[in-house]
Amino acid sequence: GESVGLHLPTLSVQEGDNSIINCAYSNSASDYFIWYKQESGKGPQFIIDIRSNMDKRQGQRVTVLLNKTVKHLSLQIAATQPGDSAVYFCAENYRGGGGADGLTFGKGTHLIIQP
Amino acid sequence: EAGVVQSPRYKIIEKKQPVAFWCNPISGHNTLYWYLQNLGQGPELLIRYENEEAVDDSQLPKDRFSAERLKGVDSTLKIQPAELGDSAVYLCASSLGGRGTEAFFGQGTRLTVV
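Chains A and B, in that order, give the protein sequences. For the first sequence, the positions run 245 to 359 when our numbering is used. For the second sequence, the positions run 2 to 115 when our numbering is used.
Just so you know, these hints were derived from the structure itself, not from any lab. Treat the hints with care, as some may be off.
Said to hold, decoys possible - Each pair of labels, with its calculated beta carbon distance range:
no.: 1; chain 1: B; residue 1: Ala3; chain 2: A; residue 2: Pro326; range: 26 to 32 Å
no.: 2; chain 1: B; residue 1: Ser59; chain 2: A; residue 2: Pro359; range: 44 to 50 Å
no.: 3; chain 1: A; residue 1: Pro253; chain 2: B; residue 2: Val115; range: 25 to 31 Å
no.: 4; chain 1: A; residue 1: Gly303; chain 2: B; residue 2: Gly73; range: 30 to 36 Å
no.: 5; chain 1: B; residue 1: Glu54; chain 2: A; residue 2: Arg305; range: 36 to 42 Å
no.: 6; chain 1: B; residue 1: Glu84; chain 2: A; residue 2: Asn311; range: 40 to 46 Å
no.: 7; chain 1: A; residue 1: Ser272; chain 2: B; residue 2: Arg10; range: 37 to 43 Å
no.: 8; chain 1: A; residue 1: Asp261; chain 2: B; residue 2: Glu51; range: 39 to 45 Å
no.: 9; chain 1: A; residue 1: Asp261; chain 2: B; residue 2: Glu53; range: 44 to 50 Å
no.: 10; chain 1: A; residue 1: Arg305; chain 2: B; residue 2: Gln81; range: 44 to 50 Å
no.: 11; chain 1: B; residue 1: Ser28; chain 2: A; residue 2: Thr313; range: 37 to 43 Å
no.: 12; chain 1: B; residue 1: Arg10; chain 2: A; residue 2: Thr254; range: 24 to 30 Å
no.: 13; chain 1: B; residue 1: Gly73; chain 2: A; residue 2: Asp299; range: 33 to 39 Å
no.: 14; chain 1: B; residue 1: Leu71; chain 2: A; residue 2: Pro359; range: 19 to 25 Å
As the list claims (entries may be wrong) - Below, simulated DMTMM-like cross-link-like pairs (lysine to aspartate or glutamate); rule was C-alpha separation at most 20 Å, straight line:
no.: 15; chain 1: A; residue 1: Lys351; chain 2: B; residue 2: Asp87
no.: 16; chain 1: B; residue 1: Lys17; chain 2: B; residue 2: Glu84
no.: 17; chain 1: A; residue 1: Lys312; chain 2: A; residue 2: Asp328
no.: 18; chain 1: A; residue 1: Lys300; chain 2: B; residue 2: Asp57
no.: 19; chain 1: A; residue 1: Lys286; chain 2: B; residue 2: Glu45
no.: 20; chain 1: A; residue 1: Lys286; chain 2: B; residue 2: Glu103
In this text, all values refer to a predicted model and were calculated from it rather than measured experimentally. Just so you know, even glycine gets a beta-carbon here, dropped at the ideal spot from N, CA and C.
Next up, chain A with everything else stripped away, as it sits in the complex (with noise of 0.2 Å):
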């Protein structure tokens, strides 16, 4: 099974609110955990990072949360605009038996802006 996933499979919000991405992951080695943004027909774009040291980061009308006593990340995006809407996926970066560094993702949020 997947390791990471997330709640919603879409969001709806109106123009100019504010988003908010959950994704749960059942890794609790995972420590390095990465949230991309995939407009549809391109690649994956990074958004945002957050560390296991850390329980909050913010960029630029992003904010990512990390709650590692109950396995919960989540993106939030102030104010947001048409040019949000698009697929988010979370992602974890784990040391597994295998020695598989890559990033495993979860299945995505498609995230609706309304006018």
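Fit chain B to the given chain A structure using the hints.
Structure of chain B alone, referenced to chain A:
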């Protein structure tokens, strides 16, 4: 600075035919990844290279998939023979290397097997 470059962008082939994808990572990035992305799903790691060495290919279906990165720069991913279930987007990514470093993705190659 140029990003990760992949070609072709789209490929349509008949089942049982071979196909190859090419990736040129960002200059200076030692780590290169190939991911597979099915429709509506997140990318899944196929193989990871550190320079020219494949350090993790545990998820690569070795009966039909192969990859190489001979000079530690660009890389090719090959499928032979292709099956209908191989239809997906194949993504290449690169990073400076080391755990916990940002991976940059190319636009991907959309493969359709008919």
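Here is what the structure says about each hint:
For B/Ala3 paired with A/Pro326, a C-beta distance near 28 Å keeps the hint of 26 to 32 Å intact. A hinted range of 44 to 50 Å for the beta carbons of B/Ser59 and A/Pro359 is consistent with their spacing of about 46 Å. A beta carbon spacing of about 28 Å between A/Pro253 and B/Val115 agrees with the range 25 to 31 Å that was offered as a hint. Taking the beta carbon of each, A/Gly303 and B/Gly73 are about 32 Å apart, inside 30 to 36 Å as hinted.
Checked against the hint of 36 to 42 Å, the pair B/Glu54 and A/Arg305 passes, with Cβ atoms roughly 39 Å apart. At roughly 41 Å, the beta carbons of B/Glu84 and A/Asn311 sit within the given window of 40 to 46 Å. Hint check: A/Ser272 to B/Arg10, Cβ distance near 39 Å, so the stated range 37 to 43 Å holds. The beta-carbon spacing between A/Asp261 and B/Glu51, approximately 43 Å, falls within the hinted interval of 39 to 45 Å.
Distance hint for A/Asp261 and B/Glu53: a CB-CB separation of about 48 Å, consistent with the stated range 44 to 50 Å. Between A/Arg305 and B/Gln81 the beta carbons are some 45 Å apart, a value that agrees with the proposed interval 44 to 50 Å. The given range of 37 to 43 Å is respected by B/Ser28 and A/Thr313, whose C-beta atoms sit roughly 41 Å from each other. Take B/Arg10 and A/Thr254: their Cβ atoms lie about 27 Å apart, and the range 24 to 30 Å holds.
Taking 33 to 39 Å as the suggested C-beta distance range, the pair B/Gly73 and A/Asp299 conforms, at roughly 37 Å. In this structure the hint that B/Leu71 and A/Pro359 lie 19 to 25 Å apart at CB is violated, the actual value being about 51 Å. Restraint check: the Cα-Cα separation between A/Lys351 and B/Asp87 comes to about 19 Å, which is no more than 20 Å; the hinted pair holds. Taking the CA atoms of B/Lys17 and B/Glu84, the gap is near 6 Å; set against the 20 Å cutoff, the hint holds.
Note on A/Lys312 and A/Asp328: the hinted pairing is violated, with a Cα-Cα distance of about 27 Å set against a maximum of 20 Å. For the hint linking A/Lys300 to B/Asp57, the alpha-carbon distance of about 31 Å lies beyond 20 Å, and the restraint is violated. About 16 Å separates the Cα atoms of A/Lys286 and B/Glu45, which keeps this hinted pair within 20 Å; it holds. Between A/Lys286 and B/Glu103 the alpha-carbon distance is near 17 Å, which keeps this suggested pair within the 20 Å criterion.
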